[in-house]
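Q: Chain residues, written in single-letter form:
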Amino acid sequence: DVKVTQSSRYLVKRTGEKVFLECVQDMDHENMFWYRQDPGLGLRLIYFSYDVKMKEKGDIPEGYSVSREKKERFSLILESASTNQTSMYLCASDPRDRGGTGELFFGEGSRLTVL
Amino acid sequence: KQEVTQIPAALSVPEGENLVLNCSFTDSAIYNLQWFRQDPGKGLTSLLLIQSSQREQTSGRLNASLDKSSGRSTLYIAASQPGDSATYLCAVRHYNFNKFYFGSGTKLNVKP
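Chain order of the listed sequences is A and B. Our numbering numbers the first residue of the first sequence as 1 and each following residue consecutively. Our numbering numbers the first residue of the second sequence as 1 and each following residue consecutively.
One or more hints might be untrue.
When the alpha-carbon atoms are kept at most 20 Å apart in a straight line, the in silico DMTMM-like pairs for lysine to aspartate or glutamate are as follows [to be verified]:
hint, chain 1, residue 1, chain 2, residue 2
1, B, K99, A, D51
2, A, K53, A, D38
3, A, K70, A, E30
4, A, K57, A, E22
5, B, K99, A, E79
6, B, K42, A, E108
7, A, K57, A, D38
8, B, K111, A, D59
9, B, K99, A, E103
10, A, K3, A, E79
11, A, K3, A, D51
12, A, K13, A, D38
13, A, K71, A, E22
14, B, K42, A, E56
15, B, K107, A, D38
16, B, K42, A, E22
17, A, K70, A, D38
18, A, K53, A, E17
19, B, K111, B, D27
20, A, K3, B, D39
21, B, K1, A, D59
22, B, K1, B, D27
23, A, K3, A, E30
24, A, K13, A, E62
25, A, K57, A, D26
26, B, K99, A, E62
27, B, K42, A, D38
28, A, K70, A, E56
29, B, K107, A, E108
30, A, K3, A, E56
31, A, K55, A, E22
32, B, K1, A, E56
33, A, K18, A, E62
34, B, K42, A, E103
35, A, K53, A, D26
36, B, K68, A, E103
Just so you know, the hints here were simulated from the structure itself, not pulled from any lab data.
If we strip away everything but chain A, and leave its shape as in the complex, we get (with noise of 0.2 Å):
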C-alpha cells in the first residue's frame, strides 16, 4: 500500500515563527503536493512538485515556500507564520506515469495553529 506520512499531526507555534511542515511518500511517485483544507474554502493548492527540485505554483503560494531535495520528501516552509494560516495543511502524491491510474494518495493531515 502507498503511505504518505506527514511527520507531523498538530502543531502550535507563534507568529513569526517559521514553521516546517515534512511530508514523506514511499512508492517512488513524482509528483507531489501540498493543500490547505479550511472550511467553506475547501482545498486549495499551494505548491506542487513533479521532480526533485522541480516545484511550480498553485492557487495559493503567497506565505509559503517548498523544498524537494530527495524523490521521496516534500516540505512545507512557512518563513514567518501569521495567524491566517492557521488550517489543515495536507500532502498528496502520485505517479507522474500517464500510462498509470492517476490515483491521488493524501497524507494524514497536519493541524496547525498559529497564535
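Given chain A, put chain B in place with the hints provided.
A: Below, chain B without anything else, positioned relative to chain A:
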C-alpha cells in the same frame, strides 16, 4: 475553468438505508474521477477511482458511476452503517494530468 459541485452539502439518514451522493463537473476533459472519504481532523482516504473510459467501479458496499458526457458521477452506498458517517469528496483530474479539482464534499451522518 473546471468546477466541481457536490449536492447535498449534508445528509442525515437512518442506519440501513441505501443512499446516493452526487458529484457534477463542468468540463468533460477529464483523466479520471476519484471519490474520497474524510473523517474529522484526518486526511483523505481514497475509496474509488474511475478512469474516464469507465462507467463504474465497485468496492464492497460502494459503487461509483461516471457519465462523462453529462458531467456527473454518483457514489452509491448500500445498507449504510454508523461507521459510514464522514465527509465524502469527489475530485476530478484534468486531462493535462497534473491539475485536480475538488468538490466541497457531502457530510454524511448515519443514525443508529
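Q: Would you mind marking each hint as holding or not holding in the structure?
A: Verification of the hints:
no.: 1; hint: B:K99 to A:D51; verdict: holds (15 Å)
no.: 2; hint: A:K53 to A:D38; verdict: violated (28 Å)
no.: 3; hint: A:K70 to A:E30; verdict: holds (10 Å)
no.: 4; hint: A:K57 to A:E22; verdict: holds (18 Å)
no.: 5; hint: B:K99 to A:E79; verdict: violated (26 Å)
no.: 6; hint: B:K42 to A:E108; verdict: holds (5 Å)
no.: 7; hint: A:K57 to A:D38; verdict: holds (19 Å)
no.: 8; hint: B:K111 to A:D59; verdict: violated (38 Å)
no.: 9; hint: B:K99 to A:E103; verdict: holds (12 Å)
no.: 10; hint: A:K3 to A:E79; verdict: violated (27 Å)
no.: 11; hint: A:K3 to A:D51; verdict: holds (18 Å)
no.: 12; hint: A:K13 to A:D38; verdict: holds (18 Å)
no.: 13; hint: A:K71 to A:E22; verdict: holds (13 Å)
no.: 14; hint: B:K42 to A:E56; verdict: violated (26 Å)
no.: 15; hint: B:K107 to A:D38; verdict: holds (15 Å)
no.: 16; hint: B:K42 to A:E22; verdict: holds (16 Å)
no.: 17; hint: A:K70 to A:D38; verdict: violated (29 Å)
no.: 18; hint: A:K53 to A:E17; verdict: violated (25 Å)
no.: 19; hint: B:K111 to B:D27; verdict: violated (36 Å)
no.: 20; hint: A:K3 to B:D39; verdict: holds (17 Å)
no.: 21; hint: B:K1 to A:D59; verdict: holds (13 Å)
no.: 22; hint: B:K1 to B:D27; verdict: holds (8 Å)
no.: 23; hint: A:K3 to A:E30; verdict: holds (14 Å)
no.: 24; hint: A:K13 to A:E62; verdict: holds (19 Å)
no.: 25; hint: A:K57 to A:D26; verdict: violated (24 Å)
no.: 26; hint: B:K99 to A:E62; verdict: holds (19 Å)
no.: 27; hint: B:K42 to A:D38; verdict: holds (13 Å)
no.: 28; hint: A:K70 to A:E56; verdict: holds (16 Å)
no.: 29; hint: B:K107 to A:E108; verdict: holds (18 Å)
no.: 30; hint: A:K3 to A:E56; verdict: violated (23 Å)
no.: 31; hint: A:K55 to A:E22; verdict: holds (16 Å)
no.: 32; hint: B:K1 to A:E56; verdict: holds (18 Å)
no.: 33; hint: A:K18 to A:E62; verdict: holds (15 Å)
no.: 34; hint: B:K42 to A:E103; verdict: holds (19 Å)
no.: 35; hint: A:K53 to A:D26; verdict: holds (18 Å)
no.: 36; hint: B:K68 to A:E103; verdict: holds (18 Å)
When each numbered hint is compared with the structure, violations occur for hints 2, 5, 8, 10, 14, 17, 18, 19, 25 and 30.
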